[in-house]
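Trainee: Residue-level listing of the chains:
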Amino acid sequence: MRILKAIGLALVGSALAIGGAQAQKKWETVKIATEGAYAPWNFSGPGGKLDGFEPELAADLCRRMNVKCEVVAQDWDGIIPSLNAGKYDAIMAGMNITPKRQEAIQFSRVYAASPHGFGVLADSPLVKLAGTDQVLHLEKDADAAKKIIEEWKPLLKGKTIGVQGSTTNSAFLEKYFKGTAEIREYKTTEQHDLDLAAGRIDAIFAGYSALAGTQEKPEFKTMKIVGAGLSGDVLGAGVAVGMRKGDADLKAMFDKAINEAIADGSLAKLTAKWFKTKMSPQS
Amino acid sequence: MQPIGFFEIMGFGPRGWGGAMLLATLMTVGVSVCGFLAGGVIGTGVAAMKLSRSRVARIVADAYTTVLRGVPDLLVIYLFYFGGSLALTAVGRWFGAEGFIGLPAFAIGSLAIGVVSGAYQAEVLRGAYLALSRGELEAARSVGMSRALMFRRIVAPQVLRYAIPGLGNVWQLVLKESALISVTGLVELLRQSQIGSGSTRQPFTFFLTAAALYLLITTVSTWAFQRAEDRAMRGVRRA
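Chains A and B, in that order, are what the protein sequence lines are.
Per the working numbering, the first sequence starts with residue 1, numbered consecutively.
Per the working numbering, the second sequence starts with residue 1, numbered consecutively.
Just chain B, with the same shape it has in the complex (with noise of 0.2 Å):
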């Protein structure tokens, strides 16, 4: 192996890795989209649980966030994966199937990710519900609107507004979450970049590629929820 220079090392030619470094970050992306989104669903729910009136959705929901926001995110991972292959496969074994059931990754770790980001989230949104002017739904009651259209026309939109900074930072800290990913055998940023630099020696270029990839979806998503919340901001005055 001849030292080759930087950007023929980070090129597309056969000797470049910058494809699969390319490809690398799509699916950093993709797996904490998809994660945000699990987490999103599970937060919702279990911030609705912490505000209902029942006590025993309450505790369910605060064990829940307090351990899902306490235990290690490697350990949730390592959890799922191995976790999740083994019950599966002592399962198939009842029904006669011989064998490893694997799990794909990429589910696997969207879910894995979900489930934590669904904490963080879950308490993002309660805080952002209790923000809510009481008035206005004490109004919405008066005037007659089903819990459902409350819902959707008064208490949805406006949580969101009051969540999107908070659900910023929870989305940075899944990004982050995602490199922990590797440990299951999917190709995300992280791995690819051990990968690299464990194959050609050349460290500094692949974690400083990493970073800078890294650093560039922090940006720009950064960027998109200042948009998302400008707009959302839009008809309240600021002091």
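One chain only, chain A, in its complex shape (with noise of 0.2 Å):
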């Protein structure tokens, strides 16, 4: 075990040389993790610099809050991790709320609601599907979602469409359209616009953040976003601000900034700026 014995040394040495802790009592400083990958959301500069809707929203939320802020660029795989282990103290990251999720940490209110909707190709019969420019959540609007949904069965019937696989949106597919439509999982978004422009599937479902950016590359400038844009019930709640489950001052200052940036219209001002779509949460 001496082997362990000098990891350990070495472990302490090390956190030593760096300075020790940083004590935090009243927030004045507060840390925020972002993906710094995920444009228009979070996204990176050349040299580092982290720009995008959260950046721009942290800053507005942290001098309502008085408190100066720090956002920092944390790779996605390790950023529900390092927030329990305390390398910062909140994610705002284009993360939506699951129940999954919150088994390991705490949300804020919604700060961004996106709708997720079908993509289609401009001459595809699916762009007569019901509802287009029309926002419906799954539980507060049920029975327009309810029958929205039934109008699109006959029309999706043995159609395939493609999903990121392990999200909100297929898990929306596998309950509502399991055995009317092939559903075919893909590891990224990137992936699934690639075969529809193919012609492998004849639709892909995503949110709207994400199709509103597959439509700004040339080669999907006629793609067409169609069908009503849903959200709620397995779709998730949105995307709000993570922290851990502990800090609960923390997550009253949070909820009570991002009401205030709805309320003088900070917020949608924002969302119009980087996503040119309806993202805002109605209230």
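FYI, nobody ran anything at the bench for these hints, they're computed from the structure.
Virtual Cβ for every residue (Gly too), placed ideally from N, Cα, C.
There could be a bad hint or two in this list.
[To be verified] Some but not every residue of chain B turned toward chain A, in silico, with C-beta under 10 Å:
(1) G16
(2) G18
(3) M21
(4) Y81
(5) F82
(6) T89
(7) G127
(8) Y129
(9) A131
(10) G135
(11) L186
(12) R191
(13) Q194
(14) G196
(15) T218
Two chains, each in its own frame: build the complex with the hints.
Mentor: Right, here's the structure in full:
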């Protein structure tokens, strides 16, 4: 066990070397992690400078909370464990509230509610899907949503829909269209985009922000977002700030600041700037 | 974001990522070299334990190489980085310090790579030691060499000679393992490519460049190990 002891000593040594603990009783500074690789939510410049919707929103919220903020980039794979280890205090990285994540961390109120919908090529018969340009909540507008999903079913029968696996989107298709359409799962949204262009699949189902990003690419200029945009139920409650479960005071601060930003319209202004689509929560 | 060409995006202008990618390449090489050296120290110790007469030492060393070569590398990194920080923070609490005690990502990354590559290097070194001629060792002992002198003059040079090809293999493993260090937030080549492709929506540009840079590192290091092997074997006749 000599080796383990040596490792232990090395660990202690290196921690002492960087100067030990930083106390934080009252929230004077808040460290916020983002991915830095998910345009337009958050992304980096060549020099590592963070930019995008969330860094700007974070600056706005911190001004309201009257705290100093530091936004740092963190790889998506380690983003929740690092929060719980205390490397930073909050996550703003396009993270949807899901029951699974709620087991590990707590969320603030929603700051961006991106509806989810279908993307198809312009010459597809699916452009006739009902409800285009409408946004429905699966629970609040339950009747209207159910009606429209039933209207979609005959059109989608036997069609193949591409979706990113292990996401709220794939959970939605599984729940409502299993047995009607063929669901094909992909690792990234880029992959199903390419298969849509190649004609291997008839439609993709994704968040509006991802669809809008795809439409920006020259080869997808003619792609259309069709049918009603949906949210709620398995599609998740929306995107929110993630925090450690113990920090109830920080959650209260973020909730208050986000409510203020919604009330005075600055959140709507930010979403319009970065997404060019309706993304801010209704209330 | 209007589309820009490959050379502009990978160039060194204000919108170019060339500098960032090169810096990330240096980081990859740096963390790999440190990890490989740490692994060399660990590997030498473990190989000595594996060859020792003490049964306990042999069992411990065998357990070490079996576990560390069998467990996914990513798990070891998570364990060191998050486990280490949590343990330190807990220790800090005892002494009245509050808050999070972070560990430097570079040091932890090198150490995690070192612990894993140490297991592989131990096996390589053990194999190389067993290839030594027994007669030479007996001869050294019979002329009255102390163990330290024998190690320095007879054992170490020849073990290293036999170990070079195997160590070259481990080096390539280490290089690829360094890509996993990105979970700690260290911006090495792969993480930088992910950041770049996510930020510019040009995945092919970044990942192809990263592939080319990795290939460049491995090509250069293969050549270096080949040179080292040729030099070490210059006194040996080859069939």
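Trainee: Now tell me if each hint is right for this structure.
Mentor: Hint check results:
no.: 1; hint: G16; in the structure: holds (6 Å)
no.: 2; hint: G18; in the structure: holds (8 Å)
no.: 3; hint: M21; in the structure: holds (9 Å)
no.: 4; hint: Y81; in the structure: holds (8 Å)
no.: 5; hint: F82; in the structure: holds (5 Å)
no.: 6; hint: T89; in the structure: holds (6 Å)
no.: 7; hint: G127; in the structure: violated (20 Å)
no.: 8; hint: Y129; in the structure: violated (19 Å)
no.: 9; hint: A131; in the structure: violated (25 Å)
no.: 10; hint: G135; in the structure: violated (33 Å)
no.: 11; hint: L186; in the structure: holds (9 Å)
no.: 12; hint: R191; in the structure: holds (6 Å)
no.: 13; hint: Q194; in the structure: holds (5 Å)
no.: 14; hint: G196; in the structure: holds (8 Å)
no.: 15; hint: T218; in the structure: violated (23 Å)
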